[in-house]
Amino acid sequence: MNQTTLKAEPGKQEIFIFREFEAPRDLVFRTLTDPVLLAQWMNPFNMTSEIHRYDAINGGAYHYTQTDPKGGKHVYSGAFHEVTAPERIIRTFEYLNLPERGHVHLDTFRLEALPGNRTRLTVHSVYPSVSDRDTATRPGMNTRSLKTTLAGSCPLPTAPGAPTSTSSFPKHDETGQRLTGR
Amino acid sequence: MNLNAIAENFSVSRPAISQHIKVLTECGLVIIRQQGRERYCEAKLGQLGQVASWIEPYRKEWEHQFSALDHLLDQLQSKSKSKPKTKKRKRP
Numbered sequence: 001m002n003q004t005t006l007k008a009e010p011g012k013q014e015i016f017i018f019r020e021f022e023a024p025r026d027l028v029f030r031t032l033t034d035p036v037l038l039a040q041w042m043n044p045f046n047m048t049s050e051i052h053r054y055d056a057i058n059g060g061a062y063h064y065t066q067t068d069p070k071g072g073k074h075v076y077s078g079a080f081h082e083v084t085a086p087e088r089i090i091r092t093f094e095y096l097n098l099p100e101r102g103h104v105h106l107d108t109f110r111l112e113a114l115p116g117n118r119t120r121l122t123v124h125s126v127y128p129s130v131s132d133r134d135t136a137t138r139p140g141m142n143t144r145s146l147k148t149t150l151a152g153s154c155p156l157p158t159a160p161g162a163p164t165s166t167s168s169f170p171k172h173d174e175t176g177q178r179l180t181g182r
Numbered sequence: 001m002n003l004n005a006i007a008e009n010f011s012v013s014r015p016a017i018s019q020h021i022k023v024l025t026e027c028g029l030v031i032i033r034q035q036g037r038e039r040y041c042e043a044k045l046g047q048l049g050q051v052a053s054w055i056e057p058y059r060k061e062w063e064h065q066f067s068a069l070d071h072l073l074d075q076l077q078s079k080s081k082s083k084p085k086t087k088k089r090k091r092p
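Going down the list, the sequences are from chains Y and L. Under this note's numbering, the first sequence has 29 at position 29, and the numbering climbs by one with no breaks. Under this note's numbering, the second sequence has 27 at position 27, and the numbering climbs by one with no breaks.
Check the hints yourself; a few may be wrong.
[To be verified] Straight-line distance between alpha carbons at most 27 angstroms, and here's what the computed DSSO-like set of lysine-lysine pairs gives: (1) Lys60(L) <-> Lys7(Y); (2) Lys44(L) <-> Lys22(L); (3) Lys12(Y) <-> Lys22(L); (4) Lys12(Y) <-> Lys44(L); (5) Lys60(L) <-> Lys73(Y); (6) Lys60(L) <-> Lys12(Y).
Think of the hints as simulated: they come from the structure by calculation, not from any bench.
If we strip away everything but chain Y, and leave its shape as in the complex, we get (with noise of 0.2 angstroms):
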């Protein structure tokens, strides 16, 4: 089997992402712009994806969301700066279950054809701040033990009376809509 390997050294705000699969260049890239096919594998700890939106085009832009096995909905949204068939998808990416909003990173998605008819991905990733790095790349966190990192490793710029406490993180509903009034 083709081994993920990753780059992401101490300090950095990026993250490289590599892996080869054993199919032609057109055929990955369907499966990282088609929304049919992207929701069949791209599912971190057993999720299931429901997508709302995902225009992968020039200028175009996704929302979807993802349930835990527990029934826990993760939202997550950003836009596509590039899409480039079959070789290229520039897209930002953040997740709206953080405490607070702005914690968006800017993915590069690569295809490279191989010989063979085989195809070279390469996803790089930056982020706003080292922290918010290490803290992306900690999975399995759920949104306290998320809240807890940001408010103990990190100090973030909190606009003043921003809600801080637990209870006055942004809801979504399944549909990411912000939850107001309740």
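Position chain L against the provided structure of chain Y, taking the given hints into account.
Same frame as chain Y, but now just chain L:
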């Protein structure tokens, strides 16, 4: 190993060795024990393993997803190869 014994292995000055050891102590990679007039240094390299492994769960999670993608790519490729044989009729 005491500080003098460590310093003999390097061409830099003894104070410089002390500085390096101090940094390593702060990182928890070296602990110093005072025995009489001598200070003994002990390497604690276990933490270096953590440096390498902090990202491992994240890598595993991607591996898990990419394995699912391998499977999907296999399915898609075998489907396109066998398409002429197993062409399904559309339901009326």
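Each hint, compared with the structure:
1. Of the supplied pair hints, the one linking Lys60(L) and Lys7(Y) holds, its CA atoms being roughly 14 angstroms apart against a limit of 27 angstroms.
2. Distance hint between Lys44(L) and Lys22(L) is fulfilled; the C-alpha atoms sit about 14 angstroms from each other, no more than 27 angstroms.
3. Taking the CA atoms of Lys12(Y) and Lys22(L), the gap is about 25 angstroms. The hint holds against a cut of 27 angstroms.
4. Distance check on the hinted pair: Lys12(Y) and Lys44(L) sit about 25 angstroms apart at the alpha-carbon level, within 27 angstroms; holds.
5. Restraint check for Lys60(L) and Lys73(Y): satisfied, since their Cα atoms lie roughly 22 angstroms apart, inside the 27 angstroms limit.
6. At most 27 angstroms may separate the alpha-carbon atoms for a hinted pair to count; Lys60(L) and Lys12(Y) meet this at roughly 21 angstroms.
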